[in-house]
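For the protein sequence lines, the chains are W and D, in the order given. According to our numbering, the stretch in the first sequence is residues 1 to 667, in order. According to our numbering, the stretch in the second sequence is residues 1 to 667, in order.
Hints in this document: simulated from the structure, not taken from any laboratory. Check the hints yourself; a few may be wrong.
Now the stretches of chain D that chain W is said to cover, found in silico as 3 or more residues with beta-carbon under 8 Å [as the list claims (entries may be wrong)]:
#1 99–112
#2 411–422
#3 452–463
#4 519–532
#5 598–606
Pairs of lysine to any residue, SDA-like flavour, derived with a Cα cap of 20 Å [unchecked claim]:
#6 496(W) <-> 164(D)
#7 496(W) <-> 451(D)
#8 199(D) <-> 502(W)
#9 529(D) <-> 559(W)
#10 600(D) <-> 559(W)
#11 505(W) <-> 148(D)
#12 430(D) <-> 148(D)
#13 134(D) <-> 195(D)
#14 529(D) <-> 496(W)
#15 505(W) <-> 451(D)
From the three backbone atoms N, C-alpha and C, an ideal C-beta is built for every residue, glycine too.
2 protein chains.
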Amino acid sequence: MRSFTWKTIAVTVLGILFPLLLRGQNQAAQHPLEALKTQEYWIVYDVLRDSGKIQEGTVTHSVLLHEPAKDKVLAWKSGDPLFREAEVILLHKGVTIEALVDITGHKLESWKERKDVQAPAIMNEFHELGDVMKKDSRVIEALKKRGIIDLAPITCFADPFGYFALPELQGHRIMMGGCADAHGVYLSWSRGIEGLQIKVDATEKKVLQVVDEGITPVSQAPANYMDLPAAPRAGTTPIVVSQPLGPSFQLKGSEVSWQNWRFRFRLDPRLGAIINLAGIQDGDRFRSVLYEGSMSELYVPYMDSSIGWANRVFIDAGEFYATGDVLKPLRPEIDCPSNAVYLNSLSAEEHGFPVIRSDVACLFESYSGDPAWRHFEDHQMSGSGARVLVLRTAAVIGNYDYVLDWRFERDGNLRVAVGATGIIETKAVKAKNASEAGGSAAASGGAHTMAGAPDEFGHFVAENTVGVNHDHFFSYRLDVDVDGVNNSFMAMRLVKRQLTNPMRKSIWVAEPSIAKTEKDAMMDIHLDKPAMWHFINPNVKGPLGYPTGYELMPGTTAASLLDPDDGPQKVGAFSTHQLWVTPYQQDERYASGVYPTESKGDDGLASWTRANRPIENTDIVAWYTLGFHHVTRAEDWPVMPVMWHDFVLRPFDFFPQSPVITLPPAP
Amino acid sequence: MRSFTWKTIAVTVLGILFPLLLRGQNQAAQHPLEALKTQEYWIVYDVLRDSGKIQEGTVTHSVLLHEPAKDKVLAWKSGDPLFREAEVILLHKGVTIEALVDITGHKLESWKERKDVQAPAIMNEFHELGDVMKKDSRVIEALKKRGIIDLAPITCFADPFGYFALPELQGHRIMMGGCADAHGVYLSWSRGIEGLQIKVDATEKKVLQVVDEGITPVSQAPANYMDLPAAPRAGTTPIVVSQPLGPSFQLKGSEVSWQNWRFRFRLDPRLGAIINLAGIQDGDRFRSVLYEGSMSELYVPYMDSSIGWANRVFIDAGEFYATGDVLKPLRPEIDCPSNAVYLNSLSAEEHGFPVIRSDVACLFESYSGDPAWRHFEDHQMSGSGARVLVLRTAAVIGNYDYVLDWRFERDGNLRVAVGATGIIETKAVKAKNASEAGGSAAASGGAHTMAGAPDEFGHFVAENTVGVNHDHFFSYRLDVDVDGVNNSFMAMRLVKRQLTNPMRKSIWVAEPSIAKTEKDAMMDIHLDKPAMWHFINPNVKGPLGYPTGYELMPGTTAASLLDPDDGPQKVGAFSTHQLWVTPYQQDERYASGVYPTESKGDDGLASWTRANRPIENTDIVAWYTLGFHHVTRAEDWPVMPVMWHDFVLRPFDFFPQSPVITLPPAP
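All chains should be built: construct the whole structure from the sequences, respecting the hints.
And the structure:
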């Protein structure tokens, strides 16, 4: 690491900030893993336009960097020629087309019609279908029955739904949804029109079916979160975080250096933040930890069997790029502290033109006042304050906001955190509250007689308004490369051993075992059968003779309770286990497959691992499922306080000794 | 809440700081639950001295505030006469004596000899026994065999050990330990002399037995953590947290007001920080949440069956007041940020004199840069930064440091966090490292052939040095009083329901059930049988008809793997379940009983709950077990980076709507 004087720091800070202001989107790519640049989107556009294959009505659904094969990237050195490709998904008259464009060579490499899959949805499609629904006579009739004549404040919306085993859906691009009435308010959250389920054919742009189960008045629960107090609560004094000499990290293009961490990142329209080539600078030597880390899929099944609700199953990342394309601006002092820097991203709209999205990521050093380590001994207090580097985005998926963090810690830990906030999905019910609803189990204090109660599938959060039960499952793809490409997964199981010791009858011992194949590495968390999950490099030993490694430490998480052969669960099958390990395959990037929309689960983690491939001492990828069940409460309405979940990758025999030992006391 | 102008704030800040400087230890008590004051310790001392019952050789082992009955405290109002009592544990010639002193009335209320229990150990006793051990001829012989003639750098130490079912221990005050050699270094961590186990009678002050299993050289692993770099790592720029107008909290005696939180705390010599009367100021109304919260016990069994190690089982709080009496000073910018205020405590030394312990707690507002909530909608970004009030202490139990937090959040959450750091316990072994030790399973990549390997019971962390496997279990006692004294525990179980819906085969529903008796409320965490833990007030309904409540949300935790009928496990039996609920009893304060030392488990949670008492709609107490298994790694030596664990009490239908909705954007 360069040695700075305070004088050179000031120069360096300017040197960091100036390129930041340019934000780099118009620069040429400097590295094979950088996000697509403005000019590259236009090359893709030109190549496709000039190919003669684009017809009237062909719509661009996705333009992503096609990640080069890993060995090519690892062999690449600064100054080598770049190889840049884009993978494009187009939709033409209901047929999904995959195109691969060689950006460097300005040519179309492949063009494939895929009649067996469904392209991800795009915002424009949702808007178009919304208009179709609003104009359908059966919908107009159903609204009229509810006294709604003025359609201007009405919005209708249809979504994909994972997979339902209904023969009539087979081969069609079907979505299901309903309408909401924003009359009298700013926005339509909580204003759903219940009892209606509208099935649309997204190719034919027509309503197939309207099921109307009868009238429930629209909820009047105010989502008044915008009427915020302007002044702080009485007695609140300001709290100020500042870095008078600027940040300690260096950001060069999309490469970050901070303390001994080095990593790259890009903001991908499908997955959001993708971390690459993360590792530790150890003197002259760079030691790899993670070739790539990103969220890979997001599965949110609702738990209400009624009309208009049973269809609410979201495979958010793959169905509509909910973790990348929906990144929304971050606001200083709300989302990130005042010492943060902000970053932009690009994604393609329906013609393939690049659209810039401003301030959708922030990077900052955080100090919460906690110690990194401490010890008191013999009247001496030693230790160091904890400082963390945070890369943050916020994915806003309609009502929900997910704050998505990659947190680099100075002890070598890499913490991945998901904060769920925003607005919950609610359902209008006739009963005003749980007291009125006689059958409500929670209200009556635990009688199991809630069948038919208005809060059978949720919990009242406002008058006539029930927050509906649901799950959130995030699959994180972690291409671990601890000290090199070939790693093994070692489960260290803690097992009770009976003793014949006069004092003690039992202890536990740690029994390590290397997973030979994928089935050995499907891990479920049990408190009575604890196991530690180690990713080791069997070819590199530390000074104490153990293989170097990183441990994945789960936080609180959840497993899916649904039937494995339930349609949506087949698509969200990654939620069955908390950990999976697969051999690296260039095209295995998405836990529910490339096209989860109506996919039947024939692509993705559960499907690939049926082959039970060998995973020992080879290039492996870990897939961690972070999940939580959500029963809502009054405090979640109208806005949910952030609920954080996280997991940690931490060094285990990676460093020869405690990495915090070289930290100075001040954070 | 009072409404401040900025001018009055400045006055208020001074008004807060001035009493802080006095620190309040010399003031008279203002509230029945305040910690014992200087003059009160002296009254206790005088009453006992003048009672004529103190004999030559009677030693004070504990002087604690005797908490008044809850109904008396709740009925007490400012201005009412105070009732103050101290409970004293004395030790005279091996006999434990319990005394109760009426401080207000200056009289001895009771004096009880307890031949059936063992008093907690005190530092002086450890030092005395250390000297006894060093002077024993068998110990001298054993050291000589190891080439140690110069005894000056040698320290010997014996500890209590929970309970071992050995008949010769019965009725005696026995401790077991060994010696360490600090020759050549600052301190003796890692310098244990292996193969020696010394059994002492703490009453007779003599060594009963020396077991010598043979020589292993003392580890030379440097615990060089004191040789810290003075200057920051190159490139590190300062990060500054400040509150130019002072803190937002008010501290009046031991009462804290912050935002809408109100609570009291005291620093107890046995348990450390005790939170009392915590609740929410809701307009004119104070709404109670927690009558009392504290750690109640700490159980740390080591997992090595060899000589000198099988005896290492610590019941830290009850055996030697490890969570309270060992509170050590906190250092600015390491332990707490620069905007923190610091607090003192008092405890009694062996004569009963009060000893002041400076700066052993800190109180501060923390802002890490995270949002409290956020939502983006229609080009508008709304939300608020998260600010947290932290009350922190650090218990230093020899080698280990526990950072112990009570974190009050503005969304009504109360988060309890434990950060484990300091120095791990290590064992010297003959093998230099795992490569040399052929049988090491972890080194050989998972063969199960480790029996007899030097790292059979741990993991090499330095040359010839094995960090020994162990567990940490903390029992937190939470006397929940949600909106009043009478509460119920409601388990809300998420249960799969099969559907006949054409789209979905399964969902889950939430099935609440009220625990009638203690056995219904022994909760174990299972991912496939998830349950939410609610503490509700069945007598107070919120506007939506549900009882008001708080939910206890566990973080990552662990259950004990030991045999339930193993001696130490009987004493640390609270580690069997993650949650217990009992009816309030004034004298049920400690999860392993008042006297865990050699207790056989006949007092404490597991014992009380055998009666399976009713707990519905009555005054109940929750006991949460926070635990983790610890397999050490190279990165834990010589100092452990802080590892945090936490759990949360969060409002569930306590507020009528989201409490963050009234927060301004700035944190």
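Checklist entry - Are there at least three residues in the region 99–112 of chain D whose beta carbon sits under 8 Å from a beta carbon of chain W? => result violated (count 0)
Next on the checklist: For residue 496(W) and residue 451(D), compute the direct alpha-carbon distance and say whether it is at most 20 Å.
Outcome noted: Answer holds: residue 496(W) to residue 451(D) is near 14 Å, not above 20 Å.
Item to check | Restraint status (C-alpha distance of residue 529(D) to residue 496(W) at most 20 Å) | outcome: 23 Å, violated
Next on the checklist: If you count the residues of the region 519–532 of chain D with a beta-carbon closer than 8 Å to a beta-carbon of chain W, do you get 3 or more?
Outcome noted: holds (count 7)
Item to check | 8 Å C-beta test of the region 598–606 of chain D against chain W, three or more residues | outcome: With 0 residues in contact (Cβ-Cβ under 8 Å with chain W), the coverage given for the region 598–606 of chain D is violated.
Checklist entry - Under the criterion that the straight-line Cα-Cα distance not exceed 20 Å, is the pair residue 134(D), residue 195(D) satisfied? => result Holds - the C-alpha atoms of residue 195(D) and residue 134(D) are around 16 Å apart, at most 20 Å.
Item to check | Satisfaction of hint between residue 148(D) and residue 505(W), Cα-Cα up to 20 Å | outcome: Cα-Cα ~34 Å, so violated.
Next on the checklist: Check whether the Cα positions of residue 600(D) and residue 559(W) lie no farther apart than 20 Å.
Outcome noted: Cα-Cα ~39 Å, so violated.
Checklist entry - Can the restraint linking residue 505(W) and residue 451(D) be considered satisfied, given a maximum Cα separation of 20 Å? => result Roughly 17 Å between the alpha carbons, so the hint for residue 505(W) and residue 451(D) holds.
Item to check | Pair hint residue 430(D) and residue 148(D), alpha-carbon separation not exceeding 20 Å | outcome: 18 Å, holds
Next on the checklist: Check the hint pairing residue 199(D) with residue 502(W) against an upper bound of 20 Å on the C-alpha distance.
Outcome noted: 14 Å, holds
Checklist entry - For the region 411–422 of chain D, do three or more residues have a beta carbon lying closer than 8 Å to a beta carbon of chain W? => result holds (count 6)
Hints 1, 5, 10, 11, 14 from the list above are not met by this structure, while the remaining hints are.
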